[in-house]
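Novice: Using the sequences provided together with the hints, build the complete structure.
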Amino acid sequence: MSSHGTPIPMTARKSGPLKGTAAVPGDKSISHRALIFGAMAVGETKITGLLEGEDVLDTAKAMQALGADVVREGAGEWTVHGVGVGGFTEPADVIDCGNSGTGVRLIMGAVATHDFCTTFTGDGSLRKRPMGRVTDPLALFGARSVGRSQGRLPLTLIGAAEPVPVEYETPVPSAQVKSAVLLAGLNAPGQTVVIEKEMTRDHTERMLVGFGAELSTETTPEGYHKITLTGRPELTPQEVAVPRDPSSAAFPVCAALIVEGSEVFVPGVSQNTTRNGLYTTLVEMGANISFENPRTEGGEPVADLRVKYSKLKGIEVPPDRAASMIDEFPVLSVVAAFAEGTTVMRGVKELRVKESDRIDAMARGLEACGVEIEEDHDTLIVHGRGAKGVKGGATCATHIDHRIAMSFLVMGLASEQAVTVDDGSPIATSFPVFEKLMAGLGAAITRNN
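At position 283 of the sequence shown the residue is numbered 350 (my numbering), and the sequence of numbers has no breaks.
It should be emphasised that the hints constitute simulated quantities derived from the structure, not laboratory data.
No false leads were mixed into what you were given.
Here are the simulated lysine-lysine pairs, DSSO-like style, with alpha carbons at most 27 Å apart:
1) Lys128 with Lys195
2) Lys416 with Lys195
3) Lys378 with Lys455
4) Lys380 with Lys86
5) Lys455 with Lys380
6) Lys293 with Lys264
7) Lys503 with Lys81
8) Lys81 with Lys378
9) Lys86 with Lys458
10) Lys128 with Lys113
11) Lys86 with Lys455
12) Lys458 with Lys378
13) Lys380 with Lys416
14) Lys375 with Lys455
15) Lys503 with Lys375
16) Lys81 with Lys455
17) Lys416 with Lys264
18) Lys458 with Lys503
19) Lys86 with Lys503
20) Lys86 with Lys375
21) Lys458 with Lys380
Here are the in silico distance ranges between beta carbons for each label pair:
22) Lys416 with Asp489: 22 to 28 Å
23) Asp427 with Glu483: 22 to 28 Å
24) Pro368 with Val138: 26 to 32 Å
25) Ser283 with Glu144: 28 to 34 Å
26) Thr513 with Tyr291: 46 to 52 Å
27) Gly110 with Ala142: 21 to 27 Å
C-beta atoms are modelled at their ideal positions from N, C-alpha and C, and glycine is treated no differently.
Specialist: This is the structure:
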């Protein structure tokens, strides 16, 4: 079973100006999808810039277990010899998705309309996360799931022998749920329809079109986002260039904004409008960020970011922006702690069912570092310290959550006293070069041996 093993406590101390170039890894969401769609195409897909973190590597292993030929050719360069839509074969062993909620939910969708059984598990964090939000719509195709209470892993998914097309309205904004339904719909006859009240990240739709699927999107009279996919296409292999991950870029960007005198250059970051809510929010807070050389790579808009230390002010983040920055709220709450005034984040209840309860994890850690917060089920409010500065000096629990760990390490770079996290090992799931990259900018982050 995948595990982070022995915890790795880490400490971040107040640093001098951060300077240099932060070449962050490839986008995690797109990396997962490139492997899965390559496995469902007929022929050889070539991927460059693939994120080689533990989460994505677990998805690569899963595609191999389902019958695809997945080969690493070099750093970030992979080939996938796909088996075609409907061509997966029953895996001989349990599929271990490690820490990845995206990986397990997308793969569940991909196998749900195949006539065989697949058993899924993951690490201690993933086994706590609810899977019913995916297994419920997959049941509409004819799939059945058997597992622990509340649909938690380990779980066996019994694929539909004779799948039927589905029309499904997502009850919560979730790209994972939407993508699972669309992946299941690939091997179902007729048209599968997904309706979202709030549009979520659209990497799955973009990639489906890129691989040759027949897919259309429209806005309903109610203002909802409607996606229609025609099932059982023959997907055509592609060359996929994975852009750099805006969620990973958030950490050096936010560190530069709060460490006095900093100037950091972050090249080639995805600017997909369903993912850039954090950057819109930071600019509204007064962040000095310039977006240079806008262009398109691998079907995704990208730009180079130049970021300078800024005196920030608290704002109210519109709730309808939450879906486009859901993974970035932890590090935004750190930035908010250094801003003048109050930052209000509403519509963020999805944070409670991520790798950890991220609202609770950030609230407790911020309080321990001397920051006043308010929270309820769907809200996090941070009262910024501004010119008074953030005390720090605490050891913060990460709850096996990579984003919590990196967020508090960013905080320690500008706090009066050092900030320690109890376990930095989960960082490898999404940002394996985090320590090296931040050290190259001048960040004082160390492992506590």
